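Asker: Start counting the sequence shown at 1; every next residue gets the next number (the numbering used here).
It should be emphasised that the hints constitute simulated quantities derived from the structure, not laboratory data. A hint or two may mislead.
Derived CB-CB ranges, DEER-like [to be verified]:
| id | residue 1 | residue 2 | range |
| --- | --- | --- | --- |
| 1 | Gly152 | Pro6 | 35 to 43 Å |
| 2 | Arg47 | Leu148 | 20 to 28 Å |
| 3 | Gly18 | Glu117 | 18 to 26 Å |
| 4 | Thr76 | Asp130 | 47 to 55 Å |
Keep in mind that this is a model prediction, so the values were computed, not measured. Every residue gets a Cβ at the ideal spot worked out from N, C-alpha and C, and that includes glycine.
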Amino acid sequence: MAEREPEPLLLTGRVAPGQVARGDAAATPLRLELSADERTRLRGHRRSSCGRDLLLQLPRGAALEPGEWLAGPDGTPRVQVEAAAEPLLLVSSDHPLALLRAAYHLGNRHVALQVGEGGLRLLDDPVLADLLRQLAGLQLERRLEPFLPEAGAYGGAHDHTHAAGIAAPQP
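Using the sequences and the hints given, assemble the complete structure.
Answerer: Written out as structure tokens, the structure reads:
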């Protein structure tokens, strides 16, 4: 007789990293590595790092943050969210104006960016890499690391209503 796969672990709540005291988490917490895009989807099946089937039924809201805990219906933190390594482009420059121009061109294309001391990070894209190579004074480097893009002006819920003259939501 074939062994039945266990039911998916149901996750219905979110707990900030600072709100989980030692001993509050499940005895064997699971890890859930997600890309930046996957961290925006709060419902559906996922697999933990060890292969356990998970079912996310989280309330709508902001994207999941690395370090955040996901809890079962009983409120016990069971799974910790981690940022998965992704292929990125690191855009750097010795000239601040060149980096500002790059940020302007990428922002104009609604490209998700991680802004930091070392420069700009974006998901590796050959078309965008070609665009950036045409701008003077930039260095490009390919990396495989977690991507933590800026949430955006409205906390990550990007909306195009401004183009139609409709007032944007207030924070």
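Asker: All hints, please: hold or fail.
Answerer: Status of the hints after comparison with the structure:
1. Gly152 to Pro6: 35 to 43 Å: Roughly 38 Å apart at Cβ, these two residues keep to the hinted range, so it holds.
2. Arg47 to Leu148: 20 to 28 Å: holds (22 Å)
3. Gly18 to Glu117: 18 to 26 Å: holds (24 Å)
4. Thr76 to Asp130: 47 to 55 Å: Cβ of Thr76 to Cβ of Asp130: about 49 Å, so the range 47 to 55 Å holds.
Checked against the numbered hints given earlier, the structure satisfies every one of them.
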